[in-house]
Amino acid sequence: MLKNEVCLSVEEKQKLKMMARCIRLDILKMVYSAKSGHIGGAFSSVELLLTLFFKSLNHKKCDDESYKKRDRFILSKGHASALYYAVLAQFGYISKDELLTFRQLGSKLQGHPSKKFLNCVEVSTGSLGQGLSIANGIALGLKLDKNETSKVFVLLGDGELQEGNIWEAIMSAGHNKLNNVIAIVDKNDLQIDGKTDDVMSLSDLASKFKSFDWNVYEIDGHNFDSIYNAYEEAKLSKEKPCCIIANTKKGYGVSFMNNNKDWHGKAPDVNEYNKAIEELK
Amino acid sequence: MLMNIIKQLRSLSKTIMKNILDKNKKKQSMRNVYGETLALFGEKRQDIVVMDADLSCSTKTNIFAKKFKERFFNVGIAEQNLITQACGLSLAGKKVYVSSFAMFATGRAWEQIRNTLCYNNLDVKIVATHCGLTVGEDGASHQALEDIAIMKAIPNIMIYSPSDAYETKKILEFSLTYDFPMYIRLSRCDVYDVFTYENINFDPYKAQIIKKGNDATIISTGEFTYNALETASILKEEYNIDLEVMHIGMLKPIDKESIINCAKKQKTIFTLENHSIIGGLGSSVCNVVCASDYPCRVIKFGVNDTFGQSGTPDELLEFYNLTPGQIANEIKKYLV
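Protein chains in written order, with our numbering: chain A, 9 to 289; chain B, 575 to 910.
You may find that some hints are simply not true.
As a list, the in silico DSBU-like pairs of lysine-lysine whose alpha-carbon atoms are at most 35 Å apart [to be verified]:
#, chain 1, residue 1, chain 2, residue 2
1, B, Lys786, B, Lys906
2, A, Lys154, B, Lys839
3, A, Lys274, A, Lys25
4, B, Lys643, A, Lys216
5, B, Lys786, A, Lys116
6, A, Lys274, A, Lys104
7, A, Lys76, B, Lys641
8, B, Lys830, A, Lys123
9, A, Lys243, B, Lys643
10, B, Lys618, A, Lys151
11, A, Lys104, A, Lys37
12, B, Lys830, A, Lys246
13, A, Lys124, A, Lys154
14, A, Lys248, B, Lys643
15, B, Lys643, A, Lys218
16, A, Lys123, A, Lys37
17, B, Lys643, A, Lys123
18, A, Lys116, A, Lys151
19, A, Lys76, B, Lys643
20, A, Lys243, B, Lys641
21, B, Lys641, A, Lys185
22, A, Lys289, A, Lys246
23, A, Lys124, B, Lys830
24, B, Lys618, A, Lys185
25, A, Lys68, B, Lys643
26, A, Lys123, B, Lys906
27, A, Lys185, B, Lys640
28, B, Lys830, A, Lys248
29, B, Lys830, A, Lys216
30, B, Lys643, A, Lys185
31, A, Lys123, B, Lys826
32, A, Lys246, B, Lys640
FYI, nobody ran anything at the bench for these hints, they're computed from the structure.
Using the sequences provided together with the hints, build the complete structure.
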């Protein structure tokens, strides 16, 4: 499937594993401390977002020129905010101490990412189904400015693909040949009310994207090599927008949360918290 | 003898008022002015991008599209995408004008306008045409009577409803200098001029008293400001009632001071709008008056919590009791 194999070094993979564990611990602590939040969908995207920031996303903002040429990232599944903040802390955008203010009054770390409170966020999100369309708009703007360098990454949940706005955006990206848009679908197959297939099946998702003139890559969303390869391949697209369908498990990393819809949006009690910490250490 | 003098005086005032209205008796299209103004903007500024949702021939964004093909994006019949994609373009540093019919631009994409456009406080101007009853024959599904109400409830958005073509141009010029969300509400039909280039003393934030009067004030917005003038003319002619006419283009933030000044001097304020009486201009006036130290009666004219229907604009105004004659009749009951 992939034309240009790229490799992560052994050291890089070790570092990524270590960072992924730290991020999961941070998410757990944040949600436990806030007594609310979304662990399941945050855990399913850890490897996806971490690899993006560690390897593929140019998020350096040294000066005005490099700021203009940066890649953009949009968290369309805004409820995975705890993950986003934990990753931003790993890369020095916010302090580790700040993480425990998550969801508190006046905190920069709002329940869903808010540019108003945290400036390094590209755009406030939270209401599902709008991130891809925003990404398309940014991508069109970059093209008007003849910026061939910057890519726009957007992380979508699979449940959120049930929104109509998403399909308007999928159609629009294909129509406008937005090769600078890379949509990552965290396909954990679960949503609040149950299995995605039972609630409202997405059926053959890859075919759907392909029929709207997208390149599609299907990968294991917890495998660093696969993720990195897909990102780098997608960045090379000449004509079409790219969709990376990442097969993941909701709540991945903690045995009793793994693939369990009940962990979409609840905080652990003290016993669950201690048990999860033990598993992640 | 006395009766004759009164009759003569009435006839004289009738002539004066008729002259004011006749002088302005020219119709222009707000939509055409919008399209042409956009095209001018496009020449001046490279960062201006225009979007539409398959109605560019009606909203007149096609005038811009013909000149600046690369800076025009038609999203098809997809208003949610219209707004969210515009937000993305704004995040990339563009100044974006989006158009559709008022019904769909605000109604279909309300949540996108709230959560993506206004929460992020972006430079996107929603310039919607076909507002209110005067859409006419298309009927209720296309007659936006709630758009002001639903836009007004959202923080960060400025709302403007110009009365005529001149004012449309003025508010568009102002929009170039304002980098945050705006909703501009235009009409389908050609509208009579209320202003002229000479008499338009434009401060977007200020209400304008178009005709002075001591007996009561009618506050109006949009194309109905002309109807308010006609109403005043009828009241003067028929009943010698001296109605002040105040136009408010800027519905949010609204000019509280001017409204309070009205409440200070009048016992009754009337409001007139091409919109539901729930949540529109009338409601805003009530809110201001209620919180002021000068309580006065506010009577709202508009569509009374009902849907529209097919008909010519004139027929619809009559059916919904909104012709100047019908309004004058109602006003008289409160004042005599």
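Cross-check of the supplied hints:
1. Simply put, B:Lys786 and B:Lys906 have alpha-carbon atoms about 17 Å apart, close enough for the 35 Å limit, and the pair holds.
2. Restraint check for A:Lys154 and B:Lys839: not satisfied, since their Cα atoms lie roughly 59 Å apart, outside the 35 Å limit.
3. Restraint check for A:Lys274 and A:Lys25: satisfied, since their Cα atoms lie roughly 25 Å apart, inside the 35 Å limit.
4. Under the criterion of a C-alpha separation no larger than 35 Å, the hint pairing B:Lys643 with A:Lys216 is consistent with the structure, at around 30 Å.
5. Annotation: proposed proximity of B:Lys786 to A:Lys116 is violated, straight-line Cα distance about 52 Å (limit 35 Å).
6. A distance of roughly 23 Å separates the Cα atoms of A:Lys274 and A:Lys104; the hinted pair therefore holds under the 35 Å criterion.
7. Annotation: proposed proximity of A:Lys76 to B:Lys641 holds, straight-line Cα distance about 28 Å (limit 35 Å).
8. The suggested pairing of B:Lys830 with A:Lys123 holds, with an alpha-carbon distance near 31 Å, which does not exceed 35 Å.
9. For the proposed pair A:Lys243 and B:Lys643, the alpha carbon gap of about 27 Å is at most 35 Å, so the pair holds.
10. Proximity of B:Lys618 to A:Lys151 is assessed by CA-CA distance (about 20 Å); at most 35 Å being required, the pair is judged to hold.
11. Restraint check for A:Lys104 and A:Lys37: the C-alpha separation of about 11 Å stays at or below 35 Å, so the hint holds.
12. Pair hint B:Lys830 plus A:Lys246 does not hold up; C-alpha atoms about 55 Å apart against a cutoff of 35 Å.
13. For the hint pairing A:Lys124 with A:Lys154, the CA-to-CA distance comes to about 29 Å; that is within 35 Å, so the pair holds.
14. Annotation: proposed proximity of A:Lys248 to B:Lys643 holds, straight-line Cα distance about 21 Å (limit 35 Å).
15. Distance restraint check for B:Lys643 and A:Lys218: the Cα-Cα separation of roughly 28 Å lies within the 35 Å cut-off, and the hinted pair is therefore satisfied.
16. A distance of roughly 23 Å separates the Cα atoms of A:Lys123 and A:Lys37; the hinted pair therefore holds under the 35 Å criterion.
17. Between B:Lys643 and A:Lys123 the alpha-carbon distance is near 32 Å, which keeps this suggested pair within the 35 Å criterion.
18. Note on A:Lys116 and A:Lys151: the hinted pairing holds, with a Cα-Cα distance of about 32 Å set against a maximum of 35 Å.
19. Restraint check: the Cα-Cα separation between A:Lys76 and B:Lys643 comes to about 25 Å, which is no more than 35 Å; the hinted pair holds.
20. Note on A:Lys243 and B:Lys641: the hinted pairing holds, with a Cα-Cα distance of about 33 Å set against a maximum of 35 Å.
21. The straight-line distance between the Cα atoms of B:Lys641 and A:Lys185 is roughly 22 Å, inside the 35 Å bound, and the hint therefore holds.
22. Restraint check for A:Lys289 and A:Lys246: not satisfied, since their Cα atoms lie roughly 43 Å apart, outside the 35 Å limit.
23. A C-alpha spacing of about 28 Å is found between A:Lys124 and B:Lys830, which places the hinted pair at or below 35 Å, so the restraint holds.
24. For the hint pairing B:Lys618 with A:Lys185, the CA-to-CA distance comes to about 28 Å; that is within 35 Å, so the pair holds.
25. A distance of roughly 34 Å separates the Cα atoms of A:Lys68 and B:Lys643; the hinted pair therefore holds under the 35 Å criterion.
26. For the hint pairing A:Lys123 with B:Lys906, the CA-to-CA distance comes to about 53 Å; that exceeds 35 Å, so the pair is violated.
27. With a C-alpha separation of about 21 Å, the suggested pairing of A:Lys185 with B:Lys640 holds against the 35 Å cut-off.
28. Pair hint B:Lys830 plus A:Lys248 does not hold up; C-alpha atoms about 52 Å apart against a cutoff of 35 Å.
29. Note on B:Lys830 and A:Lys216: the hinted pairing is violated, with a Cα-Cα distance of about 53 Å set against a maximum of 35 Å.
30. Between B:Lys643 and A:Lys185 the CA atoms are separated by roughly 16 Å; this keeps the pair inside 35 Å, and the hint holds.
31. Restraint check for A:Lys123 and B:Lys826: satisfied, since their Cα atoms lie roughly 24 Å apart, inside the 35 Å limit.
32. Taking the CA atoms of A:Lys246 and B:Lys640, the gap is about 28 Å. The hint holds against a cut of 35 Å.
Taken one by one, the earlier hints fail for this structure at numbers 2, 5, 12, 22, 26, 28 and 29, listed in ascending order.
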